[in-house]
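Enquirer: Residues per chain, in single letters:
Number of protein chains: 2
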Amino acid sequence: MPVIDALTGIVGEGGVLDAAEVAKRSAGALRWDSLQAQALVRPRTTEEVSRVLRWCHDHGVAVVTQGGLTGLVHGADAAPAEVILSMERMRAIEDIDPVQRTAVVQAGVVLQTLQEAVEEHGLSFPLDLGARGSATIGGNAATNAGGNRVIRYGMTRDMILGLEAVLADGTVVSSMNHLIKNNTGYDLKQVFIGSEGTLGVITRLVLRLREKPAAQDVAIVAVADFECLPKLLKHMDQNLSGSLSAFEVMWQAFYRLVTSAPAKGKPPVSQDHPYYVLVESLGANARLDSERFVAALESALEARLISDAAVAQSENDRRAFWALRDDVAQVVAGGIPVVFDISLPISTMEQYVAALRGDLQSAIGDHKLWIFGHLGDGNLHVIVQVPLKDYLALRPKIEALVYGPLGKLGGSVSAEHGIGLEKKPYLSVCRNDSELAVMRRLKTALDPAGILNPGKIF
Amino acid sequence: MPVIDALTGIVGEGGVLDAAEVAKRSAGALRWDSLQAQALVRPRTTEEVSRVLRWCHDHGVAVVTQGGLTGLVHGADAAPAEVILSMERMRAIEDIDPVQRTAVVQAGVVLQTLQEAVEEHGLSFPLDLGARGSATIGGNAATNAGGNRVIRYGMTRDMILGLEAVLADGTVVSSMNHLIKNNTGYDLKQVFIGSEGTLGVITRLVLRLREKPAAQDVAIVAVADFECLPKLLKHMDQNLSGSLSAFEVMWQAFYRLVTSAPAKGKPPVSQDHPYYVLVESLGANARLDSERFVAALESALEARLISDAAVAQSENDRRAFWALRDDVAQVVAGGIPVVFDISLPISTMEQYVAALRGDLQSAIGDHKLWIFGHLGDGNLHVIVQVPLKDYLALRPKIEALVYGPLGKLGGSVSAEHGIGLEKKPYLSVCRNDSELAVMRRLKTALDPAGILNPGKIF
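In the order they appear, the protein sequences are chains A and B.
Here our numbering is used: position 4 in the first sequence is 4, and no number is missing along the way.
Here our numbering is used: position 39 in the second sequence is 39, and no number is missing along the way.
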């Protein structure tokens, strides 16, 4: 196998897996299939990534970069004739600077590893999501991951100061800026962030760190009407100002699912309300922040924006409240879930959900519908569960019902998961021809031979 | 004049100025020269912008887009053979949505006009800078303007959800996203933001609005040693958490300048300290936030991070404290100022300033040096004033002394002002060849004929 030999020549013995070895590996989180590729190469340095890409470019071999394999849209799937470039040996945390409040990492560093390393310095890397134990920083960057605290800290894009990327032809573009402000020409990192591995391979990053919050207040509140939700969001934002860090809404069915057996969670407030919100404040002064947090909830109660509230009284409570929101695994019991990650203007959400509920009832037989999400960001996760036997037939119908109305409403078929292969057929719901044409111009400019993650996005 | 006729045919009578009329207009803020161009065209709609660009593209005429002419780096200068595309008739605020908390504007809207319009809805557009009364939102976007509250709200880039741009050939790229999260393919707006009019003409924008803060606390504090400054920043950030909104440092000479006659300002604390910081918190609850703010200053005093502090007790005080920081106009008395906008890692700042002070003393004769800036963002404004008679001879020497050391320190020759023509010779101080090559690839991809703002940046 000339590919194996050539790649081994670059990364050394033991650095390359052949097709048979690749096939022994899982395709990733929530997947029952195996990886496939003619080879999987594991470089240790940017220089090795560069040489691998140059070789593949010269030989017309397509390359799919893989991080922690926690993506949900088949964005890192490889075909049998392609080469997988795995970042699993590029896991160095090169530097943590507590004065400049930056971290320099190789792209293969696992999110949770970094979170824990910076906490030792009294700092925080505020990106957080369920896959934190496997997802890599490079993958977070390539997909512009969102997560639980976007309302306060933004998406991954907002946490990256600089990066180094290797272009398809092996050219290393080092743009390792450490500064918050640097208006010297085009901000190249923006081109690579969120491009799902199609424009370059991100090898190293400079990340912005924040002070570690000294206080955390969490409550689960019940809400009687949808129209109270945006009012409550505005109320909490006004009253907590910069410390509001999560506003996670759960529709009743989802709340009941995660607070009833076989789920381990218990309901902090009764299960009879139509909506529930997990509200969080991350602050600096435990006494003053808690006083402010409780006062904000009390005035929300007086204004009838909420019907009931349970405020976490301990670290255990805080963990238990978050565990409810995060217990998405319950949706796999009793059927196959079709998972969506959409966003739409808050003013259109109630009408959208009501119409979807009706459409599913009339067009799909036996099913369950759960909705929850980051309402503060306009982002809903919609999960439709159907019986295993109907899954393949129903999935396209369900996708059409969920995605179809989003275009007119100014919504998005992917708030934070990306496009990959899975959402490619629906990209045109929220992107017009002129946008797609510019995307293609950028792709052609940076990867004219089209060897990087071919077929993904568009 | 075929240009005048053709452009008049697109935008109508009165929409085009000829070369003589153009020459009657000032070249902009702090400029003593006049505009020059073969024509200045004032479209009212995106469609007209598109037709103007298509005509210019077909006829090989270069186009320079102009907003409020408040830029400081000659980024919107036009040559006699070029056409100026002025956004002065595109000043519509099309929509303010208080639920989604977005504004839709044409690019020619003046920053202050927008600030005031959204405040009527209890909201805030948090970009703020001295030129607010003339600068346009389109210009802010094209240059990724920074300003006074980057530490909390980010740069202009962070406040834009979507935009519409016209490419050099007249193609309209509408990417008017209203959503905080939308990971559907490349985030095209990032390419246009901060590109200084070289990749497309931004015609309309969707802006993210914030809740209007209900409380504002401001103090001027004195600091004895440079090494206390990053510690104080960290202390205030930890203790104010998300509400810290400004951390503006003034070196002694600048503080004396703006608190002594002929300046109108009075010193809130004595003039004998080496450093002063304007600290601001924007919060939600006047009582609790003030309590927290004062407690943070008291503990800073106890920890000897600050030597003295004056806390604003009234709206008049708050305005007066900010007026000191903003009274940059004092630097024009008694000589010609050379104004710099650099950023560098905080840990290198003291050494950099000491070396610069020495270099200026040995290489430049009679001069004054003032330093102040957004230390929380690593951004310093350095002003070197020299006698009028020496200005032309000394300016290149001063630039070399200020910019020269930045490369090794990981600094930037432009934190927020951009590159334009003025800093083009120094771009390579902080951008390497591979970065410049990618910038050129992007330019070629979007403006292959090179008609948009030619010669700017690189």
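Don't take every hint at face value.
Identical copies look the same in the list; a pair holds intra-copy or inter-copy alike.
[Stated by the list, open to error] Below, simulated DSSO-like cross-link-like pairs (lysine-lysine); rule was C-alpha separation at most 30 Å, straight line:
# : residue 1 : residue 2
1 : K424      : K212
2 : K424      : K443
3 : K368      : K266
4 : K24       : K212
The set of hints was computed from the structure by calculation and includes no laboratory data.
Since this is a predicted model, take the numbers as computed values, not measurements.
Enquirer: Now, for every hint given, state plainly whether the structure supports it.
Expert: Hint by hint, here is what the structure shows:
1. K424 x K212: For K424 and K212, the Cα distance exceeds 30 Å both inside one copy (38 Å) and across copies (39 Å).
2. K424 x K443: both (16 Å within a copy, 27 Å between copies)
3. K368 x K266: within (21 Å within a copy, 68 Å between copies)
4. K24 x K212: neither (41 Å within a copy, 56 Å between copies)
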